[in-house]
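There are 2 protein chains.
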Amino acid sequence: MYEGVIIEKLFTKDLRFPTSLNSDGSDAMHTHPDYSCAYVILETNTGQKAHGMTFTLGRGTEVVICAIKALENLIIGQKVQDIYNNFGDFWRKLTSDNQLRWIGPEKGVMHLATAAIVNALWDLWARLEGKPVWKLLVDMSPEQLTSVIDFRYITDVITKDEAIKILKEKEDNKKAREFDLIKNGYPAYTTQVGWLGYSSEKVKSLCKKYLDQGFTAFKVKVGQNLDEDKKRCAMVRENIGSSNVLMVDANQVWCVDEAIDWMKSLAEYKPLWIEEPTSPDDILGHAKIAQALKQYGIGVATGEMCCNRVMFKQFLQAGALEFCQIDSARVGGINEILSIYLMAEKLKVKVCPHAGGVGLCEMVQHLQFWDYVSLSGTKEGKYIEYVDQQHEHFKTPVVIKSAAYMPPTDPGYSSEMFPSTMEKYEFPKGTYWQELANNK
Amino acid sequence: MYEGVIIEKLFTKDLRFPTSLNSDGSDAMHTHPDYSCAYVILETNTGQKAHGMTFTLGRGTEVVICAIKALENLIIGQKVQDIYNNFGDFWRKLTSDNQLRWIGPEKGVMHLATAAIVNALWDLWARLEGKPVWKLLVDMSPEQLTSVIDFRYITDVITKDEAIKILKEKEDNKKAREFDLIKNGYPAYTTQVGWLGYSSEKVKSLCKKYLDQGFTAFKVKVGQNLDEDKKRCAMVRENIGSSNVLMVDANQVWCVDEAIDWMKSLAEYKPLWIEEPTSPDDILGHAKIAQALKQYGIGVATGEMCCNRVMFKQFLQAGALEFCQIDSARVGGINEILSIYLMAEKLKVKVCPHAGGVGLCEMVQHLQFWDYVSLSGTKEGKYIEYVDQQHEHFKTPVVIKSAAYMPPTDPGYSSEMFPSTMEKYEFPKGTYWQELANNK
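Keeping their order, the protein sequence lines are chains A and B.
Count along the first sequence from 1, add 8, and you get the number used in the working numbering.
Count along the second sequence from 1, add 8, and you get the number used in the working numbering.
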């Protein structure tokens with residue numbers, strides 16, 4: 009299969025969108041983000057192109073680009089057959105270069121760079137197969153699927169054999185679930201109503217807008233000022249009613265005990281979860297918070313900045329999260345994310361992916377669709393985050409109908425952006441940034 | 009103090025030494041390292057220069073340099089008075105840029121870059137004060153010392169008030185300990201006898217060499233092949249005798265249960281510790297290993313790749329390490345390292361710093377000296393790692409007498425390299441690398 013196909017070129021783009029001008033995406037920790045991405049285009053000797061990215065917030069995108077270039081020589085000249093036949097082995101090579109791993113390992117800039125490349129590799133594979141990524145995954149046998157995973161460091165929670173067994177147990181009704189998915193899609197929640205920089209009027213009108221669209225779950229940013237948080241939560245709760253779901257998100261601003269106290273004060277608004285209450289590295293801290301908030305019916309959610317499968321493993325082992333928020337571009341791409349889904353399934357934790365940003369909705373939907381059809385077999389109490397930003401730059405943007413993500417049919421990972429977007433927003437030489445520089 | 013002194017310039021150097029040619033520094037995970045560093049020179053408007061660095065293994069140093077440049081605008085133009093009067097606040101600014109923190113936070117490339125800059129800031133402070141860093145630290149009041157620390161995310165283990173209290177309790181015999189330190193130095197152990205790529209003959213002759221120099225503690229690399237490990241451990245044990253100390257280091261090659269089994273097989277050689285048995289991110293895994301190996305008298309040591317104070321906090325909380333191996337250039341410089349020492353002291357864990365590499369011995373000795381004089385008050389059962397490599401590039405290299413680190417008296421952090429070294433080893437334009445390129 010794909011005999012003679014070789015990855016010949018790798019191009020990078022530093023793309024930045026000026027979202028800080030409208031406070032879009034603002035939270036307690038990231039007050040002025042310029043939603044951005046480090047974008048990768050692969051090209052084979054047969055002329056096939058593929059696209060991948062990792063999400064960033066503006067400054068620092070150039071550092072991730074530099075890291076992608078440091079990994080480039082591990083990609084260029086590779087036969088795609090060799091990659092996809094032993095994708096787990098290839099993934100380990102990519103993350104274990106014996107000089108580069110010192111500046112990771114498997115975390116931060118290096119792992120974001122790995123994600124961008126690996127996402128492009130999956131886009132390529134799906135295009136070669138003529139399928140969207142979710143369908144490529146769904147059609148894999150348990151043996152094939154687990155062959156893409158590096159189980160090193162997680163065998164104390166799940167081995168390859170166990171993973172195969174779990175996947176086999178779920179094979180019976182896959183067709184029916186695939187049919188249901190195509191017909192009804194997958195539930196989304198919105199984060200659009202409560203960015204921290206938004207005015208009360210804006211929050212109210214957004215609640216109405218998303219209620220009208222059929223949304224039943226709404227997330228609000230908290231953590232800068234308790235009185236303000238109470239007002240915003242009360243207002244959103246009033247607007248969405250008691251039967252709909254409210255989530256709150258602190259974006260890591262608190263210490264452990266502070267998180268517990270603060271959330272007790274917000275308990276009356278009945279949030280389903282508190283997201284990122286403290287440092288994304290604090291497994292034991294999250295476990296303490298989860299334990300303390302259980303009596304208030306508030307779950308702990310985290311994951312968008314959880315740096316790799318070893319950290320997720322421990323969050324799951326320690327009972328430190330009730331909602332596992334995998335991100336499509338923080339850990340090392342689909343290979344590693346699949347291992348996290350498998351551990352979550354084994355340890356009975358719900359996966360509710362992080363999305364928004366640039367391209368995160370487009371990519372992560374594929375993974376949650378696969379989880380529904382092939383692994384967990386249920387959508388119950390689960391949602392994919394949805395933010396209505398930056399979709400216009402994508403050739404095959406997400407499709408939301410009645411507050412549900414509808415599965416795409418185009419081949420690939422939905423990660424391809426328009427050339428016009430790249431010309432305008434490439435930093436600093438794109439036309440948008442050049443104009444801004446000239447007008448200063 | 010220092011009124012009108014402003015940091016005006018920041019220069020970076022990508023310095024690489026061709027250590028892979030001799031297998032120096034080789035271990036089970038890093039088979040061909042080229043010991044390197046991302047080097048920072050700060051210059052004030054008064055012409056004062058200061059030097060800092062982070063250690064790297066060759067490829068990827070350019071990524072860390074790129075990250076240092078991304079942080080540059082937070083440094084240039086700063087009044088040194090504003091930095092040192094509120095160093096804890098300044099440190100938080102440096103690590104919390106609201107766009108850059110996304111590609112960390114506080115880990116990997118960004119935190120290595122932070123370390124290089126912060127190390128240079130401490131070199132600058134010590135030079136302005138005319139003292140070596142260890143003495144600058146020793147002379148600070150508990151209030152001053154704790155003012156440099158960002159306690160965010162660690163208050164569940166230690167607060168500023170507790171830290172001050174602990175430091176005050178240790179003030180009584182500081183002068184006597186300082187005198188002892190200057191006279192007798194601080195015990196070192198050697199890693200020189202057992203790099204994985206070394207032959208049996210080389211290991212034997214190195215054992216003799218370091219025994220003759222007075223060393224009593226010897227570390228050996230393990231983890232690639234159990235039979236080979238047994239042979240090497242038996243040989244080193246035979247050469248050093250039963251009363252001296254043997255440590256073994258696996259550099260992260262094992263899964264959790266594999267580590268336990270492998271170490272049971274090496275227990276007969278009576279190692280004091282197993283270093284880095286598994287992923288540096290696996291707190292719960294290390295705790296399980298520590299628990300299982302306790303009955304064999306083997307402690308768990310880790311830290312050289314532990315990415316920040318939040319991770320160290322949990323390793324300490326979970327009983328996941330018996331020997332805490334702080335590194336002078338992995339977490340965000342001295343400010344953060346002090347908080348780790350304070351947590352280790354409170355939770356009664358011995359700190360035995362990681363060193364070797366490029367400049368790590370030179371820098372970390374200062375911190376362990378401070379710990380002895382001002383915090384733990386004891387050297388009992390503790391050592392600083394010592395590797396006899398790359399010291400010749402430093403203006404004030406470490407001084408080892410009778411297997412003890414002797415405290416330096418020159419102002420600064422001992423981190424300044426010779427201009428001739430930079431001219432030769434800067435990558436790729438230094439004379440060494442140019443010659444290598446021309447001879448290919």
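Hints listed in this document are in silico derivations from the structure and should not be mistaken for laboratory results.
Keep in mind that a hint or two might mislead.
Chain copies aren't distinguished; within one or between two, either way the pair holds.
Said to hold, decoys possible - With a cut-off of at most 25 Å between alpha-carbon atoms, the simulated DSS-like pairs for lysine-lysine come out as follows: (1) K354 / K296; (2) K296 / K356; (3) K272 / K21; (4) K302 / K356; (5) K437 / K77; (6) K77 / K21; (7) K77 / K448; (8) K390 / K403; (9) K168 / K296; (10) K217 / K409; (11) K183 / K354; (12) K87 / K390; (13) K278 / K182; (14) K173 / K358; (15) K173 / K403.
We went through each hint and held it up to the structure:
For the homomeric pair K354 and K296, the shortest alpha-carbon distances inside one copy (22 Å) and between copies (20 Å) are both at most 25 Å. For the homomeric pair K296 and K356, the shortest alpha-carbon distances inside one copy (19 Å) and between copies (22 Å) are both at most 25 Å. In this homomeric assembly, K272 and K21 never come within 25 Å of each other (Cα to Cα): the closest approach is 45 Å inside a single copy and 50 Å across copies. For the homomeric pair K302 and K356, the shortest alpha-carbon distance inside one copy (16 Å) is at most 25 Å, but the shortest distance between copies (32 Å) is not.
Within a single copy, K437 and K77 get their C-alpha atoms as close as 19 Å, and across copies as close as 19 Å, so both meet the 25 Å cut-off. In this assembly of identical chains, K77 and K21 lie within 25 Å of each other by CA distance both inside one copy and across copies; the values are 11 Å within and 19 Å between. Taking the shortest Cα distances, K77 and K448 sit within 25 Å of each other only across copies (23 Å), while inside one copy they are farther apart (32 Å). Proximity of K390 to K403 under the C-alpha cut-off of 25 Å is found in neither arrangement, the shortest distances being 27 Å within a copy and 60 Å between copies.
For the identical chains of this complex, K168 and K296 are inter-copy neighbours only, at 21 Å across copies versus 31 Å inside a copy, given an alpha-carbon limit of 25 Å. For the identical chains of this complex, K217 and K409 are intra-copy neighbours only, at 14 Å inside a copy versus 75 Å across copies, given an alpha-carbon limit of 25 Å. Proximity of K183 to K354 under the C-alpha cut-off of 25 Å is restricted to the intra-copy arrangement: shortest distance 22 Å within a copy versus 57 Å between copies. In this assembly of identical chains, the alpha carbons of K87 and K390 never lie at most 25 Å apart, being 39 Å within a copy and 51 Å across copies at closest.
Taking the shortest alpha-carbon separations for K278 and K182, neither the intra-copy value of 35 Å nor the inter-copy value of 54 Å comes in at or below 25 Å. For the identical chains of this complex, K173 and K358 are intra-copy neighbours only, at 20 Å inside a copy versus 44 Å across copies, given an alpha-carbon limit of 25 Å. When the C-alpha separation of K173 and K403 is checked against a cutoff of 25 Å, the pair qualifies neither within a copy, at 38 Å, nor between copies, at 61 Å.
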